[in-house]
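**Q** Everything in the sequence shown is counted per numbering that gives the first Met the number 0, starting at 0 for the first residue and increasing by one.
These are computed hints drawn from the structure, not numbers from a lab. Heads up, a few of these hints could be off.
Stated by the list, open to error - The calculated label-pair distances, taken between Cβ atoms and stated as ranges, are:
#1 P74 to D109: 40 to 48 angstroms
#2 R230 to L201: 36 to 44 angstroms
#3 T259 to G167: 27 to 35 angstroms
#4 V200 to D109: 24 to 32 angstroms
From a predicted model like this one, the values you see are computed outputs, not experimental measurements. The beta carbon of each residue, even a glycine, is placed where N, CA and C say it ideally should be.
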Amino acid sequence: MLTADAGGLSRAADLLRLGGLVAFPTETVYGLGADATNPRAVAGIYAAKERPSFNPLISHLPDIAAAEREGVFGPDAARLAAAFWPGPLTLVVPRAEMSRICDLATAGLDSVALRVPGLPLARDLLTLVGRPVAAPSANRSGRISPTRADHVLADLIDRIDAVIDGGGTNVGLESTIISCLDGEMRLLRPGGVPREAIEEVLGRKLLDGAAPTDEEAPLAPGMLESHYAPRAMVRLDAEEVRPGEGALLFGRKRPPGIETAGAIRNLSESGDLVEAAANLFAHLRGLDDARVPAIAVVPIPAHGLGEAINDRLRRAAAPR
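Construct the entire structure; sequences and hints are all you get.
**A** Structure representation (structure tokens):
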């Protein structure tokens, strides 16, 4: 466990340059970092997460100039980068001819997924490393994404070299992913930047990117249908709570049967979608730790960050 100070960041940067695996906080969730230019280090991510090798990774950079050395930014991509970086937005752009990101990190695609994180601590670390850092969420593949250092340790304590304890994340939801390929702008994954804000900057509607089938390689992380899955079965849009179920609530409404719940968490008593997003993974994990047989999720509004929250919940509920 490394401290979130100059000494801790220096040690983490050394480990990453040596090919190690270091989990670190961003404003979204904790990422499991490895040198994106080092195929052996990237392979360590796949091994630690038990992640399908055809699922590409997001590479993190400290600023736009560093990102532009790895990817080709057309006018629309450049506009989004200027508006939302640093921040919870990932852009999938054509791979630059001189990009240092290895093929394993891109899953063999001619595109790269790039992000400049909003948390200053993360950018300070990336500056010290001096190379792109591939960093999917720091959990085993398909499990709930971590928003605190102890969440990382619960999944990966014997599989990684270090974790920087930067406290809880303030967005608590992965980045929005936009594909900027072939002149089209597609929403591949809802996340920390709402669709509406992106469309306002672009001046037009985003196209929807369809999730791939099992036989197709996804363009970006987070596109597999069964993802972010707790051990308990997840029941969406629940109007009642069945005896022994965990209850994931939103707002002050109490559904029938709540008194029989095995465990209860509320994403936001006040009905605040930003607060709900920040609490989502921690509350799912808390309900799962209570060993309930199922989790009843009340309806969540679909506007703003609600789209991303519902996307995560739908993936958590997918057959597996």
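**Q** Assuming the hint says 24 to 32 angstroms, is it satisfied by the Cβ distance from V200 to D109 or not?
**A** Because 26 angstroms falls inside the window, the suggested range holds.
**Q** Falls inside 36 to 44 angstroms, the C-beta gap from R230 to L201?
**A** holds (40 angstroms)
**Q** For the range 27 to 35 angstroms, tell me whether the beta carbons of T259 and G167 fit it or not.
**A** Given range 27 to 35 angstroms: holds, Cβ gap about 31 angstroms.
**Q** Could you check the hint for me, namely that P74 and D109 are 40 to 48 angstroms apart, CB to CB?
**A** Violated, since P74 and D109 (Cβ atoms, about 20 angstroms apart) do not stay within the stated range.
Of the hints listed earlier, the one the structure fails to meet is number 1.
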